[in-house]
Amino acid sequence: MCGINGFCDFNKRLQKEDIEKANELLRHRGPDDGETVVFQTPDAHIGLGHRRLSILDLSSLGHQPMYSDDKKVVIILNGEIYNFKELRCQLEGKGHRFISNSDTEVIVKSYLQYGIECVQQFIGMFAFVIYDMRLQKIFLCRDRAGVKPLYYYFANGCLLFASELKAFHQYKVFKKEIEPKAVSLFLSYGYIKEPYSIFKNTHKLSPGHYAILDISNQQLQLHQYWNVLDYYNKPVIDIGEEEATDHLEKLLTSAFEYRMVSDVPVGVFLSGGYDSSLVSAILQKNSMNKIKTFTIGFNEDKYNEAEHAKAVAHYLGTDHHEYYCSTKEALEIIPTLPYFYDEPFGDSSAIPTILVSRFARQQVTVALSADAGDEIFAGYGRYDQLVKIKKIKQYIPSFLARPSSKILQQLPVNNPRYAKLGEILSTETEVEISDNLSRHFTRKQVNALLNTTEKFKASLIDLDNIPLKSDFINTVLAADYKTYLADDILTKVDRATMSAGLEGREPFLDQRIVEWAAQLPSSLKYNKGNKKYVLKKLTHRYLPEKIMDRPKMGFGIPINKWLRGELKPLVMDIISRKNLQKHNLLNEDAVISLRDNYLTSSESDTSQLWLLLMFQMWWNQWME
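According to our numbering, the residues represented by the sequence shown are 1 to 624, in order.
Simulated from the structure, these hints should not be mistaken for laboratory data.
Check before you lean on any hint, since a few could be wrong.
[What the hints assert, rightly or not] Straight-line distance between alpha carbons at most 30 Å, and here's what the computed BS3-like set of lysine-lysine pairs gives:
hint, residue 1, residue 2
1, K234, K390
2, K16, K176
3, K85, K137
4, K250, K200
5, K72, K310
6, K250, K285
7, K234, K444
8, K578, K175
9, K444, K420
10, K71, K302
11, K390, K578
12, K21, K176
13, K72, K16
14, K12, K71
15, K528, K181
16, K578, K568
17, K200, K176
18, K393, K420
19, K234, K250
20, K234, K200
21, K12, K250
22, K175, K388
23, K302, K12
24, K531, K285
[What the hints assert, rightly or not] Pair by pair, the computed Cβ-Cβ distance ranges are:
hint, residue 1, residue 2, range
25, F39, N227, 51 to 59 Å
26, K181, T336, 48 to 56 Å
27, A155, D471, 17 to 25 Å
28, G240, G529, 16 to 24 Å
29, D384, S254, 38 to 46 Å
30, D384, K71, 17 to 25 Å
These numbers come from a predicted model, not from an experiment.
Beta carbons: idealized from backbone N, C-alpha and C, even for Gly.
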């Protein structure tokens, strides 16, 4: 795992000192090694920077930027190619010779053999940049799921690219102009969906995409090489429960084997839930030694999963490590969130994720996470709500559910529950209902908060590109995969693990699992209220139901209690008229009213105040 950044400046303003400063800001992603290089061509100045966290081939032969044998192709990579050994054997059969044991060299030789379409062969998590001096082109590429981040800025006669936005602030050509639609997206969902970022002309390279910059004509083109919707749109597989369970076990075992390849110690995040317990169980079954598992706990029972994790670890016989965090330790994380997340980010579970990453990093350099099980196999409680709402809407006359209905217009918009109910009842498709359930602020509330005459209809969902002809569970899963998974869950885990110099690996996002699961009947995912149906059946082969069957907790913290208690002085200081007047992006009276109502009323929505706090803390960190 590493950090990468660089530029192609057509006006030849940027120099080596610029990229060195940007590279230093990514040191936390790669504390072991760092290097920058600048090429001065007749058309542009081109810079490549890399920070290394050594995982494979710890020797200097894995050093980056890495060149082809003829020095005409150079690469910087963040991530891992898990099937690099098989690819290496194939390339050796075609006459290629290798001097290192790194996966980076395999990408270089694959590119030389197949061109940029070599990416189709990679099983892994990656973001890489290739500068081909022969073609005078720069290639930016991101993995299928978006596990590894890659931002780019294309304006002002320059292309900038980096693993994290913070690197751009070191380049004098970068213009820090707020993108209003991104603010609307953040307030709606708590994160900013790709391809947007908080800044104008600055984008996330979408998962499953690569970009090609032709230096000679200064044109940037985007290409999609993989799309999960292609698999959701395929015919449903005709398969029974036992056969599906067997095949899932086979796929997961292979995915785990790939992700245990490392020249440094590897562990597992264990919460005691189905996903992480299954990861731990299969790994322990196939390991000669006890695997290391890591859990953090809180002293409040409602948010403490440590006892469940301990029971699973004891049953499996893992080398288990747990750490109980104090409220003080958790609260100390909050001021660091804007720095590590670079743009407004509202998922408060980033706090325990950072804490468990720091704890695990004391003993291992790589940790397997069980994220994406909920999005692939239907694990969220929101899917239960969807089923109920779908049934209820059948009995509501259509004229009452229209947005123009007087009944809906009379619902109190200031009450979060009623405001959301009105938008849900007035929508037609399950994807739109799911979209509304995911919102922290409704559309009306967002437009009331924004201090602009331009009204945004921010939505995560491009209805034209979601397979609405599928059954509604698979349709909603496809939408979640394209939105919440990449831009909330994976962003959270990447920044949290990297802030601790820890590599996080996501076995459920092996494309073979994703592609197969997308074609499964939805009844093997959501079966009469039983969520993650086939995954739970597989887990019960390893762990008894008496240990596993308990209510889903999630990775939560008592943020509601803190905001009205220990964090109240911070809330009053940060969400103040003085701070709001610095940018004038938000309606001052509306924000202050929401703050005061929250602190005096139990009916208020905790997530709404948290998002406003995170936005203003981000502004103070990066815009002042």
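Against the structure, the hints:
1. At most 30 Å may separate the alpha-carbon atoms for a hinted pair to count; K234 and K390 meet this at roughly 25 Å.
2. The suggested pairing of K16 with K176 holds, with an alpha-carbon distance near 22 Å, which does not exceed 30 Å.
3. For the given pair, K85 sits about 28 Å from K137 by alpha-carbon distance, which is consistent with the 30 Å threshold.
4. Simply put, K250 and K200 have alpha-carbon atoms about 45 Å apart, too far for the 30 Å limit, and the pair is violated.
5. Taking the CA atoms of K72 and K310, the gap is near 53 Å; set against the 30 Å cutoff, the hint is violated.
6. A distance of roughly 13 Å separates the Cα atoms of K250 and K285; the hinted pair therefore holds under the 30 Å criterion.
7. Note on K234 and K444: the hinted pairing is violated, with a Cα-Cα distance of about 37 Å set against a maximum of 30 Å.
8. For a cut-off of 30 Å, the pair hint linking K578 to K175 stands: about 25 Å separates their Cα positions.
9. A distance of roughly 10 Å separates the Cα atoms of K444 and K420; the hinted pair therefore holds under the 30 Å criterion.
10. For the proposed pair K71 and K302, the alpha carbon gap of about 58 Å is over 30 Å, so the pair is violated.
11. For the suggested pair K390 and K578, the alpha carbons sit about 45 Å apart, so the restraint of at most 30 Å is broken.
12. At roughly 18 Å between alpha-carbon atoms, K21 and K176 fall within 30 Å of each other, so this suggested pair holds.
13. Between the alpha carbons of K72 and K16 the distance comes to roughly 20 Å, so the proposed pair stays at or under 30 Å and holds.
14. For a cut-off of 30 Å, the pair hint linking K12 to K71 stands: about 22 Å separates their Cα positions.
15. Taking the CA atoms of K528 and K181, the gap is about 39 Å. The hint is violated against a cut of 30 Å.
16. Between the alpha carbons of K578 and K568 the distance comes to roughly 17 Å, so the proposed pair stays at or under 30 Å and holds.
17. With a CA separation close to 8 Å, the supplied pair K200 and K176 stays within the 30 Å bound.
18. Under the criterion of a C-alpha separation no larger than 30 Å, the hint pairing K393 with K420 is consistent with the structure, at around 15 Å.
19. Between K234 and K250 the CA atoms are separated by roughly 22 Å; this keeps the pair inside 30 Å, and the hint holds.
20. Straight-line distance between C-alpha atoms of K234 and K200 comes to about 37 Å, which puts the hinted pair past the 30 Å bound.
21. Only pairs whose Cα atoms come within 30 Å are accepted, and K12 paired with K250 is rejected, the gap being roughly 53 Å.
22. For the hint pairing K175 with K388, the CA-to-CA distance comes to about 47 Å; that exceeds 30 Å, so the pair is violated.
23. Taking the CA atoms of K302 and K12, the gap is near 57 Å; set against the 30 Å cutoff, the hint is violated.
24. A distance of roughly 25 Å separates the Cα atoms of K531 and K285; the hinted pair therefore holds under the 30 Å criterion.
25. Checked against the hint of 51 to 59 Å, the pair F39 and N227 fails, with Cβ atoms roughly 34 Å apart.
26. Between K181 and T336, the C-beta spacing of about 27 Å breaks the proposed range 48 to 56 Å.
27. Checked against the hint of 17 to 25 Å, the pair A155 and D471 fails, with Cβ atoms roughly 43 Å apart.
28. Checked against the given bound of 16 to 24 Å, the beta carbons of G240 and G529, roughly 20 Å apart, stay inside it.
29. The beta-carbon spacing between D384 and S254, approximately 32 Å, falls outside the hinted interval of 38 to 46 Å.
30. Range check, D384 to K71: Cβ separation about 58 Å, and the 17 to 25 Å hint is violated.
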